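**Q** Going down the list, the sequences are from chains C and D.
Residue 0 is where the first sequence starts when you use numbering that gives the first Met the number 0, and the numbers rise one by one after that.
Residue 0 is where the second sequence starts when you use numbering that gives the first Met the number 0, and the numbers rise one by one after that.
No lab work stands behind these hints, which were simulated from the structure alone.
The model shown is predicted, which means the values in this text are computed figures rather than measured ones.
Any given hint could be a false lead.
[Unchecked claim] Computed footprint of chain C on chain D, listed as stretches where at least three residues anywhere in the stretch have a Cβ under 8 Å from a Cβ of chain C:
1. 143 to 157
2. 261 to 271
[To be verified] If you only want the chain C side, here are some residues facing chain D, beta carbon under 10 Å, derived:
3. G41
4. F150
5. L206
6. D345
7. S348
All C-beta atoms in this analysis are idealised placements derived from N, C-alpha and C, irrespective of residue type, glycine included.
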Amino acid sequence: MAAPVDPRLLRLVPPVRRLIVRAGVAQALATVLVLARGVLLGWAAAQLITGAPFPWWTVPALVAVVAAHGGVAWVAQRWSDRGVGDTIDTLRTRALHALRHRDPRVVQEESGHWRSVLTSGLDDFRPYLSQFLPALVAVTLATPAALVVVFLADPVSGVLALVTVPLIPVFMVLIGTLTRAHTQRRLQITAALGGQLADLLSGALTLRALRATSGPAREVEVAGRRHADSTMSVLRLAFLSSFALEFIATLSVALVAVGIGLRLLDGEITLAAGLIALIIIPEVYAPVRQVGTSFHAAVDGLAAVEEVLPLIDAPSPTPFRPARAAGVGLRIEELSVRGREGLTPDGVSVEARPGRVTVLHGPNGSGKSTVFLAVLGVLPAELVSGRITAPEPELISYLPARPVLVPGTVATNLELLGAPVRDTGVDIGVPLDRELGAHGTGLSAGQGQRLAVSRTLARGDGPRLLLLDEPTAHLNPELVADLGALLRQRAAVGDAVVVATHDPRIVALADEVVAL
Amino acid sequence: MTLLRLAGVRRRDLILSVLAGAVTLLAALSLTVLSGWLITRAWEMPPVLDLSVAITAVRALGISRAVFRYLDRLVSHRLALNALTTLRVRLFRALVTDGHARTRSSGLTALVSDAERVTDLIVRSLIPRGVALVVSVAAVLAAGWLHPVAGLVLALAYLVTGLVIPRLAVRAARASRRAQAHDEWLTELDAVLDNRVEFAAAGLEESRIARAAAASARSSRAQVSADRPLAPAAAAEAWTTGITVVVLLALGAWTYTGEPTWLGMLIMLPLAAFESHGPLAAAAIHADEAAAAQRRLAAIIDASPEEPPAAEPEQPVHLRARDLECRWGGWTWDLDLPPGARRLIRGPSGCGKTTFLLTLAGLLEPVGGHLSPGRAERRAAVRVHTEDEWVFATTIRENLRVADPQVSEEVMREVLEAVGLDLDPDLLLADGAGSLSSGQRRRLLLARALCSTAPVLLLDEPTAHIAADDAGRLLDMLLHGPVPGARAERSIVVVTHEDR
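Next comes chain D alone, as it looks inside the complex (with noise of 0.2 Å):
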């Protein structure tokens, strides 16, 4: 599996749970196999010392079941979370090493989730396959040993309850993935929560409400009708287990040769023999669901060379592009911006601004025309602040450090009184940028960009969501006057939108 070569788990790591929770399983089917034993003995009174050894095993399984459960569930589980640890670490250094081409915040949260399935991988996929696997060529061989004939109608029995029933789980878990996908009452809820009075001032709330409700109904429908394979499903496990058990009794009938306790082995083992199968379902389920993800976290894991190239030192540059062409957006750009320019770039949203910013910081492929200097320069001398720019859950103060570590306490209280922030920086953002409101997170933004040292500023919409005024005071100071902060001769490029 791809995503255990990512989260560093080897083979062997999986076989020690596998055999843990098949020793768990072993002792629960031992038990049930042996009490049959025991009890058709005891029947023919024998001498009490010839059931002393089964009766203390017998004892000593019952025990020894819930303790290896304990432990198993100890040992899968650590083992998950360590692989989700080395998967997390490994996602965020591919993350912030340049050589992908993601620069949108918004699917990291998949991304993340993504990662996080390695444990629900582990644990309720693949070691509860591997302990099926184990328990149930011991069950076979066990039940071979009794009357071959008993061992191939289990082995029988195991595809369908290993094999075709997980699969009507998987098809019924994709319909049902596929239904919420193209589900319309998320857009209907929305609609009413947030538009309702406008809806009611127009006299539509009723026909909105019944929309609403005749979408949630539509969703639970589809819903029912993606888990349509789980009803033959319960049935053919029912059927398959009790046949199994009818049959063993038939041959038991049909073959006895007058041994108590061979017929009392044989009736009991189909009883235990279907627990190892129970999760298999689930787990077909998650391995499904893992594919995908380990797909997505492939192309950027897999992509992303293991050690980052060394910092540049920041210089002034000569930023120059020519008939620049940019991964989005049909435009060409051309700019020419020596040490120390200030530019404003206006354009229609959609015209690939934010793209031509992120191409310019070395973030981004061109993929035509002329731009210097090189990327690794650019790199160093040049931060672009995107308007999707993350609002860490920490201190204003640890906020700003992100753009420089070393950034001095007079710069930063420099820095916010010209974006005008009047916040404390010791204040805690508990909620990141939900702590603040959409201006406050803006000035917070323009201020971190400002702490940085690089002597180029690319600013994508610096004066969003800032009143009227205040924005065009702020627009002012980027592209006319000096700006505050670590650096006062610096090349600001802004970007704002045609309707401010």
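Chain C on its own, in the form it takes in the complex (with noise of 0.2 Å):
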């Protein structure tokens, strides 16, 4: 990312607007109100020293001040916590949009990466928005204001800090530009050997039950070693720019105050004006401090970020649509789909007709699957090539491979798509109120896939297309064999029923075989 903010993450999510808007406003009244507190504690302090009446009125004054910046603090925080929370929230919503449009064989091949991205990834994204941003905005505006205050009080003071500021950007990237190469060699070896120790720690118990224990425990030993002894290379260069930057701020504030003392010594200043730089001189360095020590844990956020910004900057394809007949045929015509492998399917031609079983026959990979999101619709149109005419969509029943089971109870499942709970012919073997958990826990694969066929029979009334894919997986033989009957009865009072299965004993009680 070349420039400190992302200019899509302006121009794409609007709360961030609002944020940094929120942030410099925040930002802008703590800095008048943290040098004014300067001001006056110097100012008051040096009346003191030199004699004249203390001035009691900058007392109240100062706690008025202080009350304010409380205050601030206060309201700016909880802008931050709302601001973060509507970024994500739009990040993750505008996310699930674009997907919506996107190949779903590539989003379910790609699933655990976005749900990792919009969970997880974007969680480290907050530390972006909630320290690193508004210390940029800090950088902007309370190192300026706080640089004219040090002029105004004290000019030679201020000539030296405006010099070392920007030494502080440059020693730092010129650290890590110089120390790159080294720390990302590494970065690779430790990540390597971290991913060994965890290998290792996660097998832990198969080494256990297989009674191979010595020989890895040596390893862990030897690995948690090496791997220590390479984490600490690459912190002691990471360290290094965090040196420069402590280094050139303090530095920068003990010859500030060595150059008032020597100033005063000849009476070149007043000790009001000393007083005041000494006290606001770390105030310029203060925001580039919080930047650099931000920094880190912002850029390992982003990347998060910079998945999901391309997502939903790209414009959504449009979708390949099936032309429409009345009816509840199916005609498909040299339809090919490209895919990461090539076409698949290739040039197939399908005719479904109702009354009839139609089955979709070939390896995994052929292309079944994809032959039914052609149908539904559902894929990119660059992608597909060919004729298809379908019935309407509210005509079509479609039970994937992977159905879906979410936690609640069995009937819960069963309404799910929309249809009540009706007997389809398919005995799911478990009572409507057990409790399922998470991916279907609680039901065996074989009760899970009929509980699918059921729903997905149980649509609609009249006759119907029933596009199912794999109807037979996990089903022991006699329910393969109910399963068959059942199908062949749906065909008969109308249903066009389209099956893509490599199970043998679905392929022999079909009327028509299409070879993928």
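Fit chain to chain and form the complex, with the hints in mind.
**A** Written as structure tokens, this is what we have:
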């Protein structure tokens, strides 16, 4: 990311703009208050020392300044909390809508990736919003304002600060560049060792069950030591840039103090000017420090956003929509769909008429499921060629290869797709009030499959087009036979039944088999 | 702290790190106070020699802070990494030693990240707290030396920044963890990511996405409301530090005796006195999170004997179970398995088949009934291969060797062919099980089981995810045929699901 704030973030995620504006307002107020506090403090103390009567009014004035500062901090924190929440929420929602138009095959393949990007990935983005962005705002507001006050009080100190502030980023970047190659090499080693350790620890129970423990235990120890050593060598370099920051900032403050002292000795400046400059000078460097300390957490957190931004920025592809015809028949002519492995399917034609069971038969990866996706109109048009004439969407019932099971009762899951719980001739084998966990825990794979088949067959009244992807998965032989009979029966009452399967028992009862 | 004891960290190791950190911040504090002295003294226009020590000291402090900071970070991180190494080895030894009832790998990742918390606990919690304590005491003493009331005021202010504000931060962090635990966003996201087409086909895609968006908004709101204590904490920090400055100024004005350097030091002191308290909020959160982690780790590590018992020789055994009750599943089991016998157990899921196998193998204690021979003999002779067995991120060959480090090339080739895994033994599985399809994974695990030299094999769902005809052939081989691999004559128990 070249700019400190990705312009796409500002353009696509409005809450970020509000977050920045509010951070600016709060920072401007806080800056004024902190500078007022320093000036009042230095001036009042100088009055007292130089023998003038102490200006007692400064005490209530300072109390008011402090009270206001706390109030600003309170409001700024709430603004920040809400702004961060809104930003994350907007990113998540936009990503959901964008993923919806993507090729479902790719989305499913990458679902683990998107799951982590849209949960923990975006959580890691919070420090960027809550710490790094406000620190950037502070550098642009508080640092120049403090510089101006120092200049007004004591121009010599002002010049010194003006010269040293830019040195900090220059040195940090310089050190970062010089050590980058070495650091990355060490980081790779560290990551590899970390992976090896995690692998051994995750396999500990397997090693225990198989009684293979002494060798791996030594490996954990050796890899652990090397991991510690290589992490330290990364840190020795990583801490150098913060050393540069601390070094320049602290030494500058010390040099300003010495300079003021020497000029006071010669009577070149007043005590008030000297004290004010001394009190304000750390405020010049504080925001720069803040940027430095929040930088690494912020950069780590950007990874997820850099995945989400291109996703929501890209124009959504037009979906391929089949032509509609009355009835429940399906006609597919010369359908080809481009995928990662070339054209699957490649030029397939299917004619599925009501009253018949049509089977798409072929090995894994031959594109059986993709045919269904094309019929359902969820593939991007640019990937699809050929012609499909399908019934109206309300007349299609679809069973995917991995049907959805949500936490809740069996009945909740049966009603999930909008059809009421009814007898479809499929025995699920468990009571309707059985509670399921995430991904159908609490049911066997076979019971889950029967639930999904029953749910699919329950949809709608009258003849329908049934698209069933591997309906016999996880079913034992008797149940496969029952399901076969049920499908024949559905065909007999006017449904057009299309089954994608490599199960020979279903192929045997088909009226028509299309080989892929 | 239990976690420190588990990680083998001694108190004096911490003291060194705390001192290194305290020196850093004391350098910063002295720099500020001494600058105040220098400027007010210079205003009195003494001979320049009177200032030369102070000038040199200010310059030296300006340099030393950065140097000490660099060193103290290295010291504390080294300590933390060594602690992590020790803790990891202890955790691993405890996990691979019999004596705990943990049998599922699913919680292991959490346990590993529990161990990793020890670095945060040391670097971000214990050391900053120790440093804050040392620096605070020094600052209160310095303030008290300037004026007793100043010492008292500073001590009171430290109570707020050191105790009240960290407590608010912990409260927010706990609320935020609670909010995340009840987050429906992940469930709704899963439904949309994995099952979008199914919902679309039912005309429910819009409403499902709307539901997910609503869950996201709810989780955001829960997080924002969990963060609520952070606002008063931020305000309290500004008020406490600010009021200390004002009070010390007023105190200085009230009791001023005409000593410029005294006032210079008194007004500069509070400006740098609170730096050591900055990390205390995060420190409290880390300590709070480590508390649960150390309970979990102690439960495992303290329960395990230091040394694993010596391995027994592998002798063929006659395995007998009568009225056996296991830890999970309400069934009682009977089994008679003479050497060389084969058995197939079918049952619905949730009836405790896996637990039964683990009990047979001596990895879990039975709850009731009779089981012979004794546990040590069973541990030696019986190997259980569970469904969630780990595939290591190494070559296929090394994964087979887990079962028997001495397994020969011929045996490996033979079993790989027998289970139908047509892959080069040198193939590197960079992602562990993630580098294989679920069918390939099952075949590899079956091949591994067959490489073992144990006379009794207990196989949990060995043919799941394998196409029906091939699965039938493999099951037939395991139940009836001579088995390939290290031992042709062996007892085998196969457990499968009723739906298969």
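**Q** Against each hint, give a clear statement of whether it holds in the structure.
**A** Verification of the supplied hints:
1. 143 to 157: violated (count 0)
2. 261 to 271: Satisfied; 5 residues make the cut.
3. G41: holds (8 Å)
4. F150: violated (18 Å)
5. L206: It holds, given that the least Cβ distance between L206(C) and chain D is near 5 Å, below 10 Å.
6. D345: violated (21 Å)
7. S348: violated (22 Å)
The structure is inconsistent with the numbered hints 1, 4, 6, 7, although it conforms to all the rest.
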